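From first to last, the protein sequence lines stand for chains U and H.
Okay, so the first sequence: first residue is 0 according to numbering that gives the first Met the number 0, each after it adds one.
Okay, so the second sequence: first residue is 0 according to numbering that gives the first Met the number 0, each after it adds one.
Wrong hints could be hidden among the right ones.
[Claimed, not checked] Partner residues aside, some chain H positions facing chain U, computed with beta carbon under 10 angstroms:
#	residue
1	Pro57
2	Asn61
3	Asn361
4	Pro398
Keep in mind the hints are simulated off the structure, nothing from the lab.
Here the structure is a predicted model, which means the values were calculated and not measured.
In this text, a Cβ means the ideal position worked out from N, Cα and C, and glycines have one as well.
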Amino acid sequence: MALTKSEIANIKERYPDFKLISIGDNGQELVGNLYLNVSYNDFTMNEQFRIKIAISKEYPIVIPKVYELSGKIAETYHHIYGDRELCLGIDSEIMLNCKGKLTIEYLIIDYIIPYLFSYKYYERFGVFPYGERSHGAQGIKEFFTEIFNVHDLADVKFYIEQLIRKPYRGHLPCVCGSGLKSRNCHSLNEELLSIINSRAMQQNLALDLLRIYQEEKINE
Amino acid sequence: MNRINDINNLLSKLDITPTMYMNAIEKYKHLGDFLTSKGFEIDFYPQGSIALGTVVRPYKNNEDTSYDLDAICQLQVSKQDTTPKAIKEAIEKAFQEDERYKYKLKIYDECCAIEYADVNGIGFSIDIVSAVDEDILNKQKLASLATYPEYIDTSIAIPSHESQEYRWITNNPRGYKAWFDGINNKFLSSNPIYSKEAIFNENRSLFSSIEEIPENLQKTSLQRVIQLLKRHRDVYFSKSKNGNDIKPISAIITTLVTAISESTHVAKNTIELLEYVLGELNIYSERQILNEKQFFSKYETRDIIQRIDGKWEIKNPVNPNDNLADAWNYDERLPKAFFAWCQLVRDDFNNIINNENKSFVNKLENSFGSNFVKSNFAVDKYLDVELQNNISNIRQVKPWRKV
Numbered sequence: 000m001a002l003t004k005s006e007i008a009n010i011k012e013r014y015p016d017f018k019l020i021s022i023g024d025n026g027q028e029l030v031g032n033l034y035l036n037v038s039y040n041d042f043t044m045n046e047q048f049r050i051k052i053a054i055s056k057e058y059p060i061v062i063p064k065v066y067e068l069s070g071k072i073a074e075t076y077h078h079i080y081g082d083r084e085l086c087l088g089i090d091s092e093i094m095l096n097c098k099g100k101l102t103i104e105y106l107i108i109d110y111i112i113p114y115l116f117s118y119k120y121y122e123r124f125g126v127f128p129y130g131e132r133s134h135g136a137q138g139i140k141e142f143f144t145e146i147f148n149v150h151d152l153a154d155v156k157f158y159i160e161q162l163i164r165k166p167y168r169g170h171l172p173c174v175c176g177s178g179l180k181s182r183n184c185h186s187l188n189e190e191l192l193s194i195i196n197s198r199a200m201q202q203n204l205a206l207d208l209l210r211i212y213q214e215e216k217i218n219e
Numbered sequence: 000m001n002r003i004n005d006i007n008n009l010l011s012k013l014d015i016t017p018t019m020y021m022n023a024i025e026k027y028k029h030l031g032d033f034l035t036s037k038g039f040e041i042d043f044y045p046q047g048s049i050a051l052g053t054v055v056r057p058y059k060n061n062e063d064t065s066y067d068l069d070a071i072c073q074l075q076v077s078k079q080d081t082t083p084k085a086i087k088e089a090i091e092k093a094f095q096e097d098e099r100y101k102y103k104l105k106i107y108d109e110c111c112a113i114e115y116a117d118v119n120g121i122g123f124s125i126d127i128v129s130a131v132d133e134d135i136l137n138k139q140k141l142a143s144l145a146t147y148p149e150y151i152d153t154s155i156a157i158p159s160h161e162s163q164e165y166r167w168i169t170n171n172p173r174g175y176k177a178w179f180d181g182i183n184n185k186f187l188s189s190n191p192i193y194s195k196e197a198i199f200n201e202n203r204s205l206f207s208s209i210e211e212i213p214e215n216l217q218k219t220s221l222q223r224v225i226q227l228l229k230r231h232r233d234v235y236f237s238k239s240k241n242g243n244d245i246k247p248i249s250a251i252i253t254t255l256v257t258a259i260s261e262s263t264h265v266a267k268n269t270i271e272l273l274e275y276v277l278g279e280l281n282i283y284s285e286r287q288i289l290n291e292k293q294f295f296s297k298y299e300t301r302d303i304i305q306r307i308d309g310k311w312e313i314k315n316p317v318n319p320n321d322n323l324a325d326a327w328n329y330d331e332r333l334p335k336a337f338f339a340w341c342q343l344v345r346d347d348f349n350n351i352i353n354n355e356n357k358s359f360v361n362k363l364e365n366s367f368g369s370n371f372v373k374s375n376f377a378v379d380k381y382l383d384v385e386l387q388n389n390i391s392n393i394r395q396v397k398p399w400r401k402v
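Could you put the whole structure together from the sequences, leaning on the hints where they help?
In structure tokens:
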């Protein structure tokens, strides 16, 4: 699956400057200028960026890669990859925050714009306006600590493994081994459970788990 | 020129209004009269930004808060006949025993403060430092070391609190004001940017004639540059890493701007003077890397910021024993932060008169605070094109990267 007609129409209306380009069998690219006037914490970013959103065939299960093309993000910034891909956030977190229903507009408003603002703020003040995640597995752990109150990387791995053994149910004993039903323990209410059991969430949880294992392998 | 006027107008919104100034002056008089009525022989006078006409409204947590004003309560007692602790406590005791003042009083290590209730939502407090005249011997020593011996006579001794003990230190706020006025008056006589006529026209209910208007309400580009830099500092360092520990003190900003401005044309407008001052400070920033000899051979006698054998020095012009940059020699982050900040201001105001509108407004917002600029300035007249994404409620997501 790729972009639906209605989503394309919505993007054209909201971001008329963006052009949609098909890239053979491999997917599509949205390229255009983003004019932003964003204020937060008494600081205002008034800036134009050129953005490329690379949408794969597996969208909206797989989160698109996003690039800044006008060179306004310094290469030395620690949240950009060598090919200028922006490190927007942890995949499971991005997917969870949209409740498993990813759209391009959500990605722009909730991730790309805050990312660009965060960068400009950091560039001026040397601190992040609303924090940053550690790189790699450590960052994934931080996310799980915030959402599920799991504090140890080994527990995080175990927890994700349980979550992706679907369907996971709230009346089952909590994965942390507390003996409580999980809905009473790690705040896995019905809504959260249904999101976690969605295909998009399952796939991105699996991806983050894989990253933790890969990182451990590198470190060995 | 419209932009210069707009910048000056914005700065005037940070200043104390003529109404508040008159109110504050009345409070100073009341405080002095009160202490006199309690049997103190005193000279009670304003010091600091209120005396120099460089007040800016304090900025805390993105908000403009109460004004902090300063006063000296100089007792007519010989320094030999009293102690720093005794004069400080005597004044505090008088306030503590009075029904009107005891609830307004706050006591700090080196001064006390009277905090007044808000008038029209704006409050202020007056910090009172007790003082006595400096003794003759010390004055003679100071005069022998001074760049401007003519200002030494007004030197006072005030309490300094260190390791639980009080001792005297020399201060000279009247001399400082005389030095400052000597330079500022040249700007005032040739190029007042907020004149008595303008003040009178805007405040008819407050003054019945031009003659009643205090000198201090007039403004020059020198005063506006000091206010601009103090505000930029407050906004910038309130957000940056360890900002409170490393932000430059007002005395450094005021002294450097004034001393540098002494040697330039008084007809400069606020932005021209700012550019000149920042250009000079940019030269001084090379003292971070050049030694004395190298700096001298490149720039000759620039001695407002000195670095002798690696030691930073910014002389207080009226107190030769006071090195305003003393703390720079114990914390290397301070000179680094100071010069980096000067560079940032320079970038922010570079070409500000000719920048495109959107960038002009953006630079003002980031220099003085977005909320302040938006609520005190007709931003709309510069922003003819509706921007595509005006977002004031941003989602607070944290960037991450895979390793």
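Going down the list of hints, with the structure as the test:
1. Taking 10 angstroms as the C-beta cut-off, the interface hint given for H:Pro57 is violated, the closest approach to chain U being about 14 angstroms.
2. The beta carbon of H:Asn61 comes within 4 angstroms of a beta carbon in chain U, closer than 10 angstroms, and the hint placing it at the interface holds.
3. With 10 angstroms as the threshold, the beta carbon of H:Asn361 comes within range of chain U, its nearest partner Cβ sitting at about 4 angstroms, so the hint holds.
4. Nearest Cβ of chain U to the Cβ of H:Pro398: about 4 angstroms, under the 10 angstroms cut. The hint holds.
Hint 1 from the earlier list is the only one contradicted by this structure; the remaining hints agree with it.
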